[in-house]
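This note's numbering puts the first residue of the sequence shown at 156, with every later residue one more than the last.
In silico DMTMM-like cross-links for lysine to aspartate or glutamate, where the CA-CA straight-line distance does not exceed 25 Å:
hint, residue 1, residue 2
1, 337, 287
2, 431, 419
3, 685, 667
4, 297, 287
5, 405, 444
In short, the hints are calculated from the structure, not lab data.
Model, not experiment: these values are computed from the prediction.
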Amino acid sequence: MRLILPVLALIAALLLSRPATAGLDEGLTAYQRHDWIAAAAEFRPLAAGGNAAAQARLGHMLLFGLGVPRDDTEGLKLLNAAAAAGDPLGQHWLGSIHSLGRSVPKDQAAALMWLGRAADQGYPDSLHALGEIYFNGIGITKDEAKAIEFYRRAADKGLPISLEKLAELNWNGRAMPADRAKAVEFARRAAQANRPFAQFILGLALLTGDGTTKDPAQAAMWFRRAADQGFPQAQHNLGAMYANGMGIGKNLAEGYFWLALSAERAPANLKATYEKERETVAALLPPAEAGLIRQKVAAWKPAQPGAPLAATPGATASGPSSSPPPPGQPGRVSMGSGFLVSRDGSVLTNAHVVEQCSGITIQPLDGPPVAATLAAKDAVNDLALLKAGLRTGDIARFRQDRPLRSGDEVVVVGFPLSNLLSREANVTSGVISAMAGIRGDQRHYQITAPVQKGNSGGPLADMSGNVVGIVASKLNAMKIAGQYGDLPQNINFAIKAELARKFLEDHNVGYETAPANRQLSSADVGERIKRVTVFVECKIN
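Starting from the given sequences, assemble the full structure and let the hints guide the process.
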(Lines of atoms letter the chains of each structure in order from A; the text may use other names.)
(Lines give C-alpha, C1' and ligand atoms only; values in the text may rest on other atoms or scores of the structure.)
Protein backbone atom coordinates (compact mmCIF):
# COMPACT_ATOMS: atom_id res chain seq x y z
CA MET A 156 0.00 0.00 0.00
CA ARG A 157 2.89 2.35 0.83
CA LEU A 158 4.19 1.79 -2.73
CA ILE A 159 0.81 2.06 -4.45
CA LEU A 160 -0.21 5.42 -2.97
CA PRO A 161 2.80 7.40 -4.27
CA VAL A 162 2.34 5.83 -7.74
CA LEU A 163 -1.33 6.82 -7.78
CA ALA A 164 -0.44 10.34 -6.68
CA LEU A 165 2.15 10.60 -9.46
CA ILE A 166 -0.36 9.42 -12.06
CA ALA A 167 -2.94 11.95 -10.80
CA ALA A 168 -0.36 14.73 -10.96
CA LEU A 169 0.57 13.82 -14.53
CA LEU A 170 -3.07 13.75 -15.58
CA LEU A 171 -3.74 17.12 -13.97
CA SER A 172 -0.68 18.69 -15.58
CA ARG A 173 -1.55 17.40 -19.06
CA PRO A 174 -3.06 20.20 -21.25
CA ALA A 175 -6.78 19.69 -21.85
CA THR A 176 -7.42 19.00 -25.54
CA ALA A 177 -10.59 16.93 -25.35
CA GLY A 178 -13.12 18.56 -27.64
CA LEU A 179 -10.58 20.63 -29.59
CA ASP A 180 -11.13 18.80 -32.88
CA GLU A 181 -14.91 19.09 -32.44
CA GLY A 182 -14.57 22.80 -31.71
CA LEU A 183 -12.31 23.41 -34.72
CA THR A 184 -14.73 21.56 -37.00
CA ALA A 185 -17.70 23.56 -35.68
CA TYR A 186 -15.74 26.82 -36.04
CA GLN A 187 -14.80 25.96 -39.61
CA ARG A 188 -18.45 25.40 -40.59
CA HIS A 189 -19.54 28.54 -38.67
CA ASP A 190 -21.51 26.61 -36.09
CA TRP A 191 -20.61 29.23 -33.50
CA ILE A 192 -22.73 27.94 -30.63
CA ALA A 193 -21.25 24.43 -30.81
CA ALA A 194 -17.74 25.88 -31.21
CA ALA A 195 -18.15 28.12 -28.14
CA ALA A 196 -19.32 25.19 -26.02
CA GLU A 197 -16.16 23.23 -26.89
CA PHE A 198 -13.74 26.17 -26.67
CA ARG A 199 -14.75 27.68 -23.31
CA PRO A 200 -13.27 24.99 -21.03
CA LEU A 201 -10.24 24.64 -23.28
CA ALA A 202 -9.58 28.39 -23.28
CA ALA A 203 -9.92 28.49 -19.49
CA GLY A 204 -7.27 25.76 -19.35
CA GLY A 205 -4.85 27.82 -21.44
CA ASN A 206 -5.27 26.19 -24.86
CA ALA A 207 -4.07 28.87 -27.29
CA ALA A 208 -6.00 27.58 -30.32
CA ALA A 209 -9.26 27.70 -28.34
CA GLN A 210 -8.40 31.11 -26.89
CA ALA A 211 -7.79 32.58 -30.35
CA ARG A 212 -11.05 31.36 -31.80
CA LEU A 213 -13.19 32.12 -28.79
CA GLY A 214 -11.60 35.57 -28.59
CA HIS A 215 -12.52 36.21 -32.22
CA MET A 216 -16.09 35.07 -31.58
CA LEU A 217 -16.43 37.30 -28.49
CA LEU A 218 -15.10 40.36 -30.33
CA PHE A 219 -17.59 39.97 -33.16
CA GLY A 220 -20.52 38.48 -31.23
CA LEU A 221 -20.46 35.24 -33.20
CA GLY A 222 -22.76 32.80 -31.39
CA VAL A 223 -21.96 34.49 -28.06
CA PRO A 224 -22.74 37.91 -26.58
CA ARG A 225 -20.14 40.43 -27.70
CA ASP A 226 -17.52 41.03 -25.02
CA ASP A 227 -14.57 43.16 -26.18
CA THR A 228 -12.72 42.97 -22.87
CA GLU A 229 -12.75 39.18 -22.61
CA GLY A 230 -12.19 38.79 -26.36
CA LEU A 231 -9.07 40.98 -26.27
CA LYS A 232 -7.77 39.18 -23.21
CA LEU A 233 -8.07 35.82 -24.96
CA LEU A 234 -6.54 37.06 -28.22
CA ASN A 235 -3.57 38.58 -26.39
CA ALA A 236 -3.00 35.32 -24.51
CA ALA A 237 -3.22 33.25 -27.71
CA ALA A 238 -0.98 35.64 -29.67
CA ALA A 239 1.64 35.70 -26.92
CA ALA A 240 1.62 31.87 -26.95
CA GLY A 241 2.36 31.94 -30.69
CA ASP A 242 -1.04 30.99 -32.11
CA PRO A 243 -1.12 32.43 -35.69
CA LEU A 244 -4.89 32.97 -35.74
CA GLY A 245 -4.68 34.93 -32.47
CA GLN A 246 -1.82 36.99 -33.90
CA HIS A 247 -3.76 37.59 -37.12
CA TRP A 248 -6.90 38.85 -35.41
CA LEU A 249 -4.92 40.96 -32.94
CA GLY A 250 -3.06 42.56 -35.84
CA SER A 251 -6.28 43.05 -37.80
CA ILE A 252 -8.14 44.87 -35.01
CA HIS A 253 -5.11 47.13 -34.37
CA SER A 254 -5.05 47.97 -38.09
CA LEU A 255 -8.80 48.70 -38.16
CA GLY A 256 -8.96 50.38 -34.77
CA ARG A 257 -11.74 48.04 -33.76
CA SER A 258 -12.14 47.60 -29.98
CA VAL A 259 -8.65 49.11 -29.56
CA PRO A 260 -7.02 52.39 -30.67
CA LYS A 261 -5.72 52.20 -34.23
CA ASP A 262 -2.03 51.28 -34.06
CA GLN A 263 -0.40 50.36 -37.36
CA ALA A 264 2.95 49.51 -35.73
CA ALA A 265 1.24 46.94 -33.49
CA ALA A 266 -0.76 45.68 -36.47
CA LEU A 267 2.37 45.12 -38.54
CA MET A 268 4.11 43.39 -35.64
CA TRP A 269 1.33 40.86 -34.99
CA LEU A 270 0.45 40.29 -38.64
CA GLY A 271 4.16 39.88 -39.35
CA ARG A 272 4.51 37.23 -36.65
CA ALA A 273 1.59 35.26 -38.10
CA ALA A 274 2.97 35.72 -41.62
CA ASP A 275 6.34 34.39 -40.46
CA GLN A 276 4.48 31.21 -39.55
CA GLY A 277 3.04 31.12 -43.07
CA TYR A 278 -0.49 32.11 -42.05
CA PRO A 279 -2.14 32.90 -45.44
CA ASP A 280 -4.71 35.49 -44.26
CA SER A 281 -1.98 37.54 -42.58
CA LEU A 282 0.18 37.39 -45.68
CA HIS A 283 -2.71 38.76 -47.73
CA ALA A 284 -3.52 41.42 -45.12
CA LEU A 285 0.08 42.66 -45.24
CA GLY A 286 -0.20 42.72 -49.02
CA GLU A 287 -3.26 44.95 -48.79
CA ILE A 288 -1.58 47.27 -46.27
CA TYR A 289 1.51 47.77 -48.44
CA PHE A 290 -0.38 47.86 -51.76
CA ASN A 291 -2.76 50.59 -50.58
CA GLY A 292 -0.34 52.40 -48.26
CA ILE A 293 -2.60 51.98 -45.22
CA GLY A 294 -0.83 53.91 -42.47
CA ILE A 295 2.59 53.32 -44.04
CA THR A 296 4.50 54.21 -47.19
CA LYS A 297 2.99 52.48 -50.19
CA ASP A 298 5.17 49.66 -51.58
CA GLU A 299 3.51 47.69 -54.40
CA ALA A 300 6.50 45.42 -54.99
CA LYS A 301 6.51 44.35 -51.35
CA ALA A 302 2.73 43.90 -51.47
CA ILE A 303 2.95 41.61 -54.48
CA GLU A 304 5.51 39.46 -52.69
CA PHE A 305 3.04 38.99 -49.81
CA TYR A 306 0.21 38.21 -52.27
CA ARG A 307 2.39 35.61 -53.97
CA ARG A 308 3.31 33.92 -50.71
CA ALA A 309 -0.38 33.70 -49.77
CA ALA A 310 -1.32 32.48 -53.26
CA ASP A 311 1.35 29.78 -53.02
CA LYS A 312 -0.60 28.49 -50.03
CA GLY A 313 -3.77 28.46 -52.12
CA LEU A 314 -5.56 31.47 -50.57
CA PRO A 315 -8.37 32.25 -53.07
CA ILE A 316 -8.49 36.01 -52.46
CA SER A 317 -4.74 36.33 -53.14
CA LEU A 318 -5.02 34.22 -56.28
CA GLU A 319 -7.83 36.53 -57.40
CA LYS A 320 -5.73 39.62 -56.66
CA LEU A 321 -2.81 38.32 -58.72
CA ALA A 322 -5.21 37.44 -61.54
CA GLU A 323 -6.47 41.04 -61.53
CA LEU A 324 -2.97 42.57 -61.43
CA ASN A 325 -1.63 40.33 -64.20
CA TRP A 326 -4.71 40.90 -66.37
CA ASN A 327 -4.65 44.71 -66.07
CA GLY A 328 -0.86 45.10 -65.98
CA ARG A 329 -1.02 46.88 -62.64
CA ALA A 330 2.29 47.07 -60.76
CA MET A 331 3.67 44.51 -63.24
CA PRO A 332 3.68 43.90 -67.00
CA ALA A 333 0.36 42.53 -68.25
CA ASP A 334 0.46 38.75 -68.64
CA ARG A 335 -2.93 37.40 -69.67
CA ALA A 336 -1.84 33.75 -69.64
CA LYS A 337 -0.57 34.05 -66.07
CA ALA A 338 -3.74 35.94 -65.13
CA VAL A 339 -5.82 33.03 -66.44
CA GLU A 340 -3.74 30.57 -64.41
CA PHE A 341 -4.41 32.49 -61.19
CA ALA A 342 -8.03 33.23 -62.12
CA ARG A 343 -8.87 29.60 -62.80
CA ARG A 344 -7.75 28.51 -59.33
CA ALA A 345 -9.59 31.37 -57.61
CA ALA A 346 -12.69 30.89 -59.77
CA GLN A 347 -12.93 27.25 -58.71
CA ALA A 348 -12.99 28.55 -55.11
CA ASN A 349 -15.98 30.72 -56.14
CA ARG A 350 -14.28 34.14 -56.16
CA PRO A 351 -16.55 36.25 -58.43
CA PHE A 352 -13.96 38.70 -59.81
CA ALA A 353 -11.75 35.76 -60.79
CA GLN A 354 -14.74 34.08 -62.44
CA PHE A 355 -15.35 37.30 -64.40
CA ILE A 356 -11.71 37.49 -65.54
CA LEU A 357 -11.75 33.83 -66.58
CA GLY A 358 -15.00 34.38 -68.46
CA LEU A 359 -13.50 37.38 -70.23
CA ALA A 360 -10.40 35.40 -71.22
CA LEU A 361 -12.50 32.53 -72.58
CA LEU A 362 -14.73 34.96 -74.48
CA THR A 363 -11.87 36.87 -76.13
CA GLY A 364 -9.22 34.14 -76.32
CA ASP A 365 -6.76 36.31 -74.40
CA GLY A 366 -4.37 34.08 -72.46
CA THR A 367 -6.26 30.87 -73.22
CA THR A 368 -8.22 29.06 -75.93
CA LYS A 369 -11.39 30.88 -76.95
CA ASP A 370 -14.50 29.10 -75.66
CA PRO A 371 -17.68 31.23 -75.50
CA ALA A 372 -19.78 28.46 -73.92
CA GLN A 373 -17.34 28.13 -71.02
CA ALA A 374 -17.17 31.93 -70.81
CA ALA A 375 -20.93 32.08 -70.34
CA MET A 376 -20.72 29.45 -67.61
CA TRP A 377 -18.13 31.44 -65.61
CA PHE A 378 -20.00 34.72 -66.14
CA ARG A 379 -23.08 32.97 -64.78
CA ARG A 380 -21.20 31.88 -61.66
CA ALA A 381 -20.09 35.45 -60.96
CA ALA A 382 -23.47 36.88 -61.97
CA ASP A 383 -25.28 34.67 -59.46
CA GLN A 384 -23.12 36.24 -56.74
CA GLY A 385 -24.09 39.75 -57.84
CA PHE A 386 -21.02 40.79 -59.87
CA PRO A 387 -22.46 43.47 -62.21
CA GLN A 388 -19.93 43.27 -65.06
CA ALA A 389 -20.49 39.50 -65.27
CA GLN A 390 -24.26 40.04 -65.22
CA HIS A 391 -23.90 42.49 -68.10
CA ASN A 392 -21.75 40.17 -70.21
CA LEU A 393 -24.06 37.22 -69.55
CA GLY A 394 -27.07 39.33 -70.56
CA ALA A 395 -25.35 40.47 -73.75
CA MET A 396 -24.46 36.86 -74.64
CA TYR A 397 -28.08 35.75 -74.16
CA ALA A 398 -29.39 38.70 -76.16
CA ASN A 399 -27.04 37.98 -79.06
CA GLY A 400 -26.93 34.19 -78.88
CA MET A 401 -23.18 34.23 -78.36
CA GLY A 402 -21.89 30.93 -76.93
CA ILE A 403 -25.33 30.25 -75.49
CA GLY A 404 -28.85 29.87 -76.88
CA LYS A 405 -30.37 33.21 -77.85
CA ASN A 406 -32.97 34.24 -75.27
CA LEU A 407 -34.07 37.88 -75.19
CA ALA A 408 -36.02 37.50 -71.94
CA GLU A 409 -33.02 36.01 -70.13
CA GLY A 410 -30.76 38.63 -71.69
CA TYR A 411 -33.03 41.44 -70.50
CA PHE A 412 -33.14 39.95 -66.99
CA TRP A 413 -29.36 39.97 -66.58
CA LEU A 414 -28.88 43.32 -68.31
CA ALA A 415 -31.48 44.86 -65.98
CA LEU A 416 -29.73 43.44 -62.93
CA SER A 417 -26.38 44.75 -64.11
CA ALA A 418 -27.81 48.21 -64.77
CA GLU A 419 -29.11 48.41 -61.19
CA ARG A 420 -25.76 47.40 -59.69
CA ALA A 421 -23.34 48.96 -62.18
CA PRO A 422 -20.42 51.09 -60.98
CA ALA A 423 -20.87 54.80 -61.75
CA ASN A 424 -18.60 54.80 -64.83
CA LEU A 425 -20.60 52.00 -66.48
CA LYS A 426 -24.14 52.78 -65.35
CA ALA A 427 -25.25 54.88 -68.34
CA THR A 428 -23.94 52.31 -70.84
CA TYR A 429 -25.60 49.40 -69.04
CA GLU A 430 -28.92 51.25 -68.79
CA LYS A 431 -28.86 52.02 -72.52
CA GLU A 432 -28.24 48.38 -73.43
CA ARG A 433 -30.98 47.26 -71.03
CA GLU A 434 -33.52 49.53 -72.75
CA THR A 435 -32.41 48.39 -76.22
CA VAL A 436 -33.29 44.78 -75.37
CA ALA A 437 -36.45 45.78 -73.47
CA ALA A 438 -37.77 47.38 -76.67
CA LEU A 439 -37.62 43.96 -78.39
CA LEU A 440 -39.91 42.32 -75.81
CA PRO A 441 -43.69 42.57 -75.38
CA PRO A 442 -44.36 45.18 -72.64
CA ALA A 443 -46.18 42.65 -70.43
CA GLU A 444 -43.24 40.23 -70.55
CA ALA A 445 -40.76 43.01 -69.80
CA GLY A 446 -42.90 44.03 -66.83
CA LEU A 447 -42.85 40.53 -65.39
CA ILE A 448 -39.07 40.38 -65.78
CA ARG A 449 -38.72 43.70 -63.93
CA GLN A 450 -40.65 42.13 -61.04
CA LYS A 451 -38.19 39.23 -61.01
CA VAL A 452 -35.30 41.70 -61.00
CA ALA A 453 -36.76 43.54 -58.01
CA ALA A 454 -37.11 40.28 -56.07
CA TRP A 455 -33.70 38.85 -57.04
CA LYS A 456 -31.06 38.24 -54.38
CA PRO A 457 -27.46 37.11 -54.91
CA ALA A 458 -26.69 33.47 -54.17
CA GLN A 459 -24.49 32.49 -51.28
CA PRO A 460 -21.03 31.35 -52.49
CA GLY A 461 -21.24 27.74 -53.58
CA ALA A 462 -25.05 27.56 -53.40
CA PRO A 463 -26.77 25.50 -56.12
CA LEU A 464 -29.08 27.23 -58.59
CA ALA A 465 -32.25 25.17 -58.54
CA ALA A 466 -31.09 21.61 -58.89
CA THR A 467 -30.17 20.48 -55.41
CA PRO A 468 -27.46 17.86 -55.19
CA GLY A 469 -27.51 16.05 -51.88
CA ALA A 470 -30.42 14.94 -49.77
CA THR A 471 -33.11 16.52 -51.95
CA ALA A 472 -31.63 15.54 -55.28
CA SER A 473 -29.58 12.65 -56.51
CA GLY A 474 -26.72 13.26 -54.14
CA PRO A 475 -25.34 10.81 -51.63
CA SER A 476 -27.89 8.95 -49.59
CA SER A 477 -27.19 8.97 -45.86
CA SER A 478 -27.72 6.37 -43.23
CA PRO A 479 -27.32 6.45 -39.46
CA PRO A 480 -24.10 4.95 -38.12
CA PRO A 481 -24.01 1.42 -36.73
CA PRO A 482 -24.57 1.22 -32.95
CA GLY A 483 -21.55 2.38 -31.00
CA GLN A 484 -19.96 4.22 -33.95
CA PRO A 485 -19.87 8.05 -34.17
CA GLY A 486 -20.74 10.13 -37.20
CA ARG A 487 -22.72 9.45 -40.34
CA VAL A 488 -22.15 7.47 -43.50
CA SER A 489 -23.08 8.85 -46.92
CA MET A 490 -23.16 6.83 -50.10
CA GLY A 491 -22.85 7.57 -53.78
CA SER A 492 -21.48 6.23 -57.04
CA GLY A 493 -18.35 6.59 -59.12
CA PHE A 494 -16.55 4.92 -62.01
CA LEU A 495 -13.03 3.80 -62.88
CA VAL A 496 -11.28 6.04 -65.39
CA SER A 497 -7.70 4.69 -65.38
CA ARG A 498 -5.93 1.41 -64.72
CA ASP A 499 -4.12 2.77 -61.66
CA GLY A 500 -7.37 2.85 -59.67
CA SER A 501 -8.48 6.45 -60.37
CA VAL A 502 -12.20 6.94 -59.77
CA LEU A 503 -14.32 9.87 -60.93
CA THR A 504 -17.33 10.99 -58.87
CA ASN A 505 -19.13 14.16 -57.76
CA ALA A 506 -17.43 16.55 -55.35
CA HIS A 507 -20.56 16.64 -53.16
CA VAL A 508 -20.44 12.84 -52.76
CA VAL A 509 -17.15 13.08 -50.84
CA GLU A 510 -17.74 16.35 -49.01
CA GLN A 511 -16.38 16.39 -45.42
CA CYS A 512 -15.30 12.73 -45.52
CA SER A 513 -13.03 11.49 -42.77
CA GLY A 514 -12.66 8.20 -44.63
CA ILE A 515 -13.60 6.97 -48.12
CA THR A 516 -14.00 3.42 -49.40
CA ILE A 517 -14.94 2.18 -52.84
CA GLN A 518 -16.25 -1.23 -53.82
CA PRO A 519 -16.08 -2.56 -57.39
CA LEU A 520 -18.50 -5.07 -58.88
CA ASP A 521 -16.53 -8.21 -58.06
CA GLY A 522 -14.28 -7.27 -55.21
CA PRO A 523 -14.06 -6.22 -51.57
CA PRO A 524 -14.17 -2.58 -50.40
CA VAL A 525 -10.82 -0.75 -50.61
CA ALA A 526 -9.71 2.50 -49.04
CA ALA A 527 -9.54 5.58 -51.27
CA THR A 528 -8.16 9.09 -50.90
CA LEU A 529 -9.40 12.37 -52.36
CA ALA A 530 -6.77 13.34 -54.95
CA ALA A 531 -8.45 16.40 -56.49
CA LYS A 532 -11.72 18.29 -56.35
CA ASP A 533 -13.48 20.91 -58.47
CA ALA A 534 -16.34 22.23 -56.35
CA VAL A 535 -17.54 24.60 -59.08
CA ASN A 536 -18.17 21.81 -61.60
CA ASP A 537 -18.95 19.23 -58.88
CA LEU A 538 -16.20 16.78 -59.81
CA ALA A 539 -13.83 14.78 -57.62
CA LEU A 540 -10.98 12.37 -58.31
CA LEU A 541 -10.35 9.47 -55.94
CA LYS A 542 -7.24 7.29 -55.80
CA ALA A 543 -7.39 3.70 -54.56
CA GLY A 544 -5.04 0.76 -54.40
CA LEU A 545 -7.11 -1.01 -57.02
CA ARG A 546 -5.76 -2.54 -60.23
CA THR A 547 -8.32 -3.35 -62.88
CA GLY A 548 -8.35 -4.65 -66.39
CA ASP A 549 -11.51 -2.75 -67.32
CA ILE A 550 -12.10 1.00 -67.22
CA ALA A 551 -14.69 3.41 -68.57
CA ARG A 552 -14.15 4.86 -72.04
CA PHE A 553 -15.38 8.29 -73.03
CA ARG A 554 -17.25 8.84 -76.30
CA GLN A 555 -14.76 10.26 -78.79
CA ASP A 556 -16.90 11.20 -81.80
CA ARG A 557 -20.34 12.37 -82.93
CA PRO A 558 -21.80 14.86 -80.45
CA LEU A 559 -24.99 13.87 -78.67
CA ARG A 560 -28.35 15.28 -79.67
CA SER A 561 -31.61 15.81 -77.87
CA GLY A 562 -33.53 12.54 -78.08
CA ASP A 563 -30.45 10.28 -78.04
CA GLU A 564 -30.86 7.28 -75.75
CA VAL A 565 -28.71 7.01 -72.63
CA VAL A 566 -28.22 4.64 -69.69
CA VAL A 567 -27.50 5.47 -66.03
CA VAL A 568 -25.72 3.04 -63.71
CA GLY A 569 -25.33 3.64 -59.97
CA PHE A 570 -26.29 2.75 -56.44
CA PRO A 571 -29.53 4.59 -55.54
CA LEU A 572 -30.95 4.29 -52.02
CA SER A 573 -28.39 1.62 -51.19
CA ASN A 574 -29.32 1.67 -47.50
CA LEU A 575 -32.88 0.76 -48.50
CA LEU A 576 -32.47 -1.26 -51.70
CA SER A 577 -29.87 -3.90 -52.56
CA ARG A 578 -26.17 -3.08 -52.87
CA GLU A 579 -26.33 -4.13 -56.55
CA ALA A 580 -25.70 -1.51 -59.23
CA ASN A 581 -29.00 -0.32 -60.73
CA VAL A 582 -29.50 0.29 -64.45
CA THR A 583 -32.05 2.80 -65.79
CA SER A 584 -32.52 4.20 -69.27
CA GLY A 585 -33.93 7.33 -70.86
CA VAL A 586 -33.03 10.02 -73.37
CA ILE A 587 -31.20 13.34 -73.53
CA SER A 588 -34.17 15.68 -73.22
CA ALA A 589 -32.20 18.96 -73.47
CA MET A 590 -28.63 19.99 -74.19
CA ALA A 591 -28.48 22.35 -71.22
CA GLY A 592 -29.45 22.28 -67.57
CA ILE A 593 -31.09 24.72 -65.16
CA ARG A 594 -31.39 28.23 -66.66
CA GLY A 595 -29.53 27.12 -69.77
CA ASP A 596 -26.44 25.90 -67.91
CA GLN A 597 -24.29 24.58 -70.78
CA ARG A 598 -22.26 22.29 -68.49
CA HIS A 599 -25.17 19.88 -68.08
CA TYR A 600 -27.44 17.58 -70.04
CA GLN A 601 -31.06 17.24 -68.97
CA ILE A 602 -31.99 13.55 -68.98
CA THR A 603 -35.13 11.48 -68.44
CA ALA A 604 -33.40 8.38 -67.04
CA PRO A 605 -34.66 8.00 -63.45
CA VAL A 606 -32.12 8.79 -60.70
CA GLN A 607 -32.38 8.77 -56.91
CA LYS A 608 -30.26 9.57 -53.87
CA GLY A 609 -27.01 7.68 -54.25
CA ASN A 610 -26.85 7.92 -58.07
CA SER A 611 -24.61 10.98 -57.82
CA GLY A 612 -21.22 10.47 -59.41
CA GLY A 613 -22.32 7.49 -61.48
CA PRO A 614 -21.73 7.27 -65.24
CA LEU A 615 -24.14 8.31 -67.99
CA ALA A 616 -23.47 6.13 -71.04
CA ASP A 617 -24.48 6.18 -74.70
CA MET A 618 -25.78 3.10 -76.51
CA SER A 619 -22.27 2.06 -77.46
CA GLY A 620 -21.35 1.77 -73.81
CA ASN A 621 -19.21 4.95 -73.75
CA VAL A 622 -19.41 7.51 -70.97
CA VAL A 623 -20.98 10.81 -72.03
CA GLY A 624 -21.65 12.37 -68.62
CA ILE A 625 -21.65 12.10 -64.84
CA VAL A 626 -24.96 12.01 -62.99
CA ALA A 627 -25.15 15.09 -60.76
CA SER A 628 -28.62 16.09 -59.61
CA LYS A 629 -32.35 15.98 -60.08
CA LEU A 630 -34.91 18.75 -59.97
CA ASN A 631 -36.43 19.22 -56.52
CA ALA A 632 -39.91 18.07 -57.52
CA MET A 633 -41.69 19.12 -54.31
CA LYS A 634 -40.17 22.59 -54.39
CA ILE A 635 -41.18 23.08 -58.03
CA ALA A 636 -44.66 21.75 -57.29
CA GLY A 637 -45.00 24.26 -54.47
CA GLN A 638 -43.92 27.13 -56.73
CA TYR A 639 -45.70 26.21 -59.96
CA GLY A 640 -48.49 23.83 -58.93
CA ASP A 641 -47.21 21.00 -61.12
CA LEU A 642 -45.15 17.95 -60.17
CA PRO A 643 -42.27 17.54 -62.66
CA GLN A 644 -41.28 14.03 -63.66
CA ASN A 645 -37.90 12.62 -64.72
CA ILE A 646 -36.08 15.96 -64.92
CA ASN A 647 -32.52 15.04 -64.00
CA PHE A 648 -29.10 16.42 -64.85
CA ALA A 649 -25.67 15.09 -65.77
CA ILE A 650 -22.36 16.91 -66.13
CA LYS A 651 -21.11 16.74 -69.70
CA ALA A 652 -18.14 14.48 -70.31
CA GLU A 653 -16.09 17.32 -71.83
CA LEU A 654 -15.80 18.92 -68.38
CA ALA A 655 -14.83 15.60 -66.82
CA ARG A 656 -12.15 14.99 -69.45
CA LYS A 657 -10.75 18.49 -68.94
CA PHE A 658 -10.70 17.87 -65.18
CA LEU A 659 -8.78 14.62 -65.67
CA GLU A 660 -6.33 16.27 -68.07
CA ASP A 661 -5.71 19.10 -65.60
CA HIS A 662 -4.69 16.48 -63.03
CA ASN A 663 -2.59 14.35 -65.40
CA VAL A 664 -4.92 11.36 -65.40
CA GLY A 665 -4.76 9.32 -68.58
CA TYR A 666 -8.16 8.13 -69.80
CA GLU A 667 -9.40 6.17 -72.81
CA THR A 668 -11.92 7.00 -75.52
CA ALA A 669 -13.88 4.88 -78.00
CA PRO A 670 -16.05 5.61 -81.04
CA ALA A 671 -19.84 5.41 -80.91
CA ASN A 672 -19.98 2.86 -83.71
CA ARG A 673 -22.45 0.26 -82.42
CA GLN A 674 -25.98 0.18 -81.05
CA LEU A 675 -26.38 -2.04 -78.00
CA SER A 676 -29.45 -2.74 -75.92
CA SER A 677 -29.89 -1.00 -72.56
CA ALA A 678 -29.24 -4.33 -70.85
CA ASP A 679 -25.96 -4.81 -72.74
CA VAL A 680 -24.82 -1.26 -71.96
CA GLY A 681 -25.75 -1.83 -68.32
CA GLU A 682 -23.67 -5.02 -68.16
CA ARG A 683 -20.71 -3.23 -69.68
CA ILE A 684 -20.91 -0.16 -67.44
CA LYS A 685 -21.58 -2.12 -64.25
CA ARG A 686 -18.05 -3.55 -64.53
CA VAL A 687 -16.51 -0.08 -64.19
CA THR A 688 -18.98 1.46 -61.73
CA VAL A 689 -18.08 1.48 -58.04
CA PHE A 690 -20.01 2.04 -54.83
CA VAL A 691 -18.61 5.01 -52.87
CA GLU A 692 -18.97 5.22 -49.11
CA CYS A 693 -17.98 8.33 -47.17
CA LYS A 694 -17.64 8.35 -43.39
CA ILE A 695 -18.44 11.73 -41.85
CA ASN A 696 -17.43 12.30 -38.23
